[in-house]
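Asks: Protein chains in written order, with my numbering: chain A, 1 to 190; chain U, 1001 to 1273.
The hints are simulated quantities; they were obtained by calculation from the structure and are not laboratory data. Keep in mind that a hint or two might mislead.
[What the hints assert, rightly or not] Below 30 Å or equal to it, Euclidean Cα-Cα: the simulated DSSO-like pairs (lysine-lysine) are: (1) Lys1215/U <-> Lys61/A; (2) Lys76/A <-> Lys155/A; (3) Lys155/A <-> Lys1067/U; (4) Lys88/A <-> Lys1269/U; (5) Lys154/A <-> Lys166/A; (6) Lys1269/U <-> Lys76/A; (7) Lys154/A <-> Lys138/A; (8) Lys154/A <-> Lys1192/U; (9) Lys34/A <-> Lys1269/U; (10) Lys1215/U <-> Lys88/A; (11) Lys1067/U <-> Lys151/A; (12) Lys138/A <-> Lys112/A; (13) Lys155/A <-> Lys88/A; (14) Lys130/A <-> Lys155/A; (15) Lys151/A <-> Lys1066/U; (16) Lys155/A <-> Lys1066/U; (17) Lys151/A <-> Lys34/A; (18) Lys61/A <-> Lys1067/U; (19) Lys1066/U <-> Lys76/A; (20) Lys112/A <-> Lys130/A; (21) Lys1067/U <-> Lys166/A; (22) Lys151/A <-> Lys1039/U; (23) Lys145/A <-> Lys1039/U; (24) Lys138/A <-> Lys1039/U; (25) Lys1039/U <-> Lys34/A; (26) Lys1066/U <-> Lys88/A; (27) Lys1269/U <-> Lys154/A; (28) Lys166/A <-> Lys88/A; (29) Lys1039/U <-> Lys88/A; (30) Lys154/A <-> Lys130/A; (31) Lys145/A <-> Lys1066/U; (32) Lys1039/U <-> Lys154/A.
Spelled out from the first residue to the last, the chains are:
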Amino acid sequence: MRHPLIYFMMKRILMIIMVCALSFSADAQISSAKLQASGLTCAMCARAVYKNLEALTFVEKIDTDLNGSSFLLDFKGETTVDIDAIRKKVEDAGFSVAVLDLTGSFQEVTVKPDQHLTYGGSVFHFVGVKEQTVRGDKTFRVIDKHFTSAKEHKKFQGMTSMECFKTGLAAGCCKKNGVEQVSRIYHVTL
Amino acid sequence: MRFFFTLLGLAWLVSAGAQELYVFSEPASNMPARAAGLKYAAKLLDGDRGRTEQRHMIEMQLGLSKKWMTHVSTSFSDMYSNGVRWESARIYTKYRFISIDDVHRHFRAAAFGELSYSVNYPMYDELSLEGDQSGARAGVILTQLLHKLALSSTLSYTASLQDRIQHIGIHSYTYNALNYSLSAGYLLFPRKYNGYGQTNFNLYLEMLGSRALDKQAGFLDLAPAVQFIFSSNTKLNLGYRFQVSGDMERMAESSFLISIERTFLNALKSKSP
């Protein structure tokens, strides 16, 4: 017969583990983003970007840094963040995305170069990273075309031989990772 | 001329963020997709009839997509009549075909076309589609933003589509002209942003020229202007345009322009999420 105290403790520990596991899975999505827009300096232009981003259904709140043309986006919980829709909104306002940093919390995940990771409803392909284990809040940068400068995109192109990097769409190179062809793959770096 | 380049040089020196919402010309950049704008402009000049003449213009602007935009406008004036009356309608469309963005800078190129219908019988050589004449215009615009300074140039061809045969015998008229402009805009205030509600103040200096293609005539104007932007959505523009050189028959060699413009973002229905 177990000691009631040990039984109580074990139950407590199990509960804590369950709560942690639950909170991790609930948080398995992109929670916020920092976006820098390019091609503008005026507040009127920034307001056009702001208003467009505000119209996205998965955006909860936006803070603007007008001097840096940057926007801090908080996303609603339990919604899928459509990364391409963010870019489209900036371009519709007449400008471009210079930097897009996405933040999400991770349980223990091993990240390797040229490896795919499905996270928060999107498929990510890591480029220019060392093999590592990520946990907790982590920020990663989108390096696909039209999400960064052409120069930056080119720099990362030298770090991968996979053809999906050029188009952002799953190609023959991705099949072995069990990703369906023509699905969107976002290339990111840590 | 020298004055203009001195000012341009000064603007370069203090260049830090800036503006291309020119008062007398259009930049190559477009308004946001699905945005709408409403503009009222008044032009005042001392005509050759010894009184101040006025033109009132109302314009609707639409951002059809990120690359296409269009303006539809109408005007009323007493420049060709004793009292103010309706005189013209105009459509303008612009297509942005190059857009290279960098943080706090961009280069854009656009092509535009314009058509106007006017009830006036113009007796001057200056070709203008803002109400004076029925005509067509097409051209290209190049705009460069360098933080607070924005430079833009326009080259266009204007053709009068008006039958002015009743005036032959007095002198021959201009029917075709080449128009050109060089514009500079500078964001003077605020020096540092702290919100969308802050009033912005921009300084502009534009050089506007025209050269007739079917006779020896032309002019070159200088047009300084100031602009206030309230709440990041309403513009108030005040400008003065005057001739620095020229030998073209014109209604007036100088004029005042005052305009107010309001932008409504996401006014048109969106197709995407």
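Asks: Confirm or reject each hint.
Replies: Verification of the hints:
no.	hint	in the structure
1	Lys1215/U <-> Lys61/A	violated (61 Å)
2	Lys76/A <-> Lys155/A	violated (33 Å)
3	Lys155/A <-> Lys1067/U	holds (29 Å)
4	Lys88/A <-> Lys1269/U	holds (15 Å)
5	Lys154/A <-> Lys166/A	holds (9 Å)
6	Lys1269/U <-> Lys76/A	holds (24 Å)
7	Lys154/A <-> Lys138/A	holds (24 Å)
8	Lys154/A <-> Lys1192/U	violated (34 Å)
9	Lys34/A <-> Lys1269/U	holds (27 Å)
10	Lys1215/U <-> Lys88/A	violated (49 Å)
11	Lys1067/U <-> Lys151/A	holds (24 Å)
12	Lys138/A <-> Lys112/A	holds (15 Å)
13	Lys155/A <-> Lys88/A	holds (24 Å)
14	Lys130/A <-> Lys155/A	holds (16 Å)
15	Lys151/A <-> Lys1066/U	holds (24 Å)
16	Lys155/A <-> Lys1066/U	holds (28 Å)
17	Lys151/A <-> Lys34/A	holds (20 Å)
18	Lys61/A <-> Lys1067/U	holds (28 Å)
19	Lys1066/U <-> Lys76/A	holds (27 Å)
20	Lys112/A <-> Lys130/A	holds (6 Å)
21	Lys1067/U <-> Lys166/A	holds (24 Å)
22	Lys151/A <-> Lys1039/U	violated (40 Å)
23	Lys145/A <-> Lys1039/U	violated (37 Å)
24	Lys138/A <-> Lys1039/U	violated (47 Å)
25	Lys1039/U <-> Lys34/A	violated (35 Å)
26	Lys1066/U <-> Lys88/A	holds (10 Å)
27	Lys1269/U <-> Lys154/A	violated (36 Å)
28	Lys166/A <-> Lys88/A	holds (19 Å)
29	Lys1039/U <-> Lys88/A	holds (27 Å)
30	Lys154/A <-> Lys130/A	holds (19 Å)
31	Lys145/A <-> Lys1066/U	holds (18 Å)
32	Lys1039/U <-> Lys154/A	violated (43 Å)
Hint compliance for this structure: hints 1, 2, 8, 10, 22, 23, 24, 25, 27, 32 are not met, and every other hint is.
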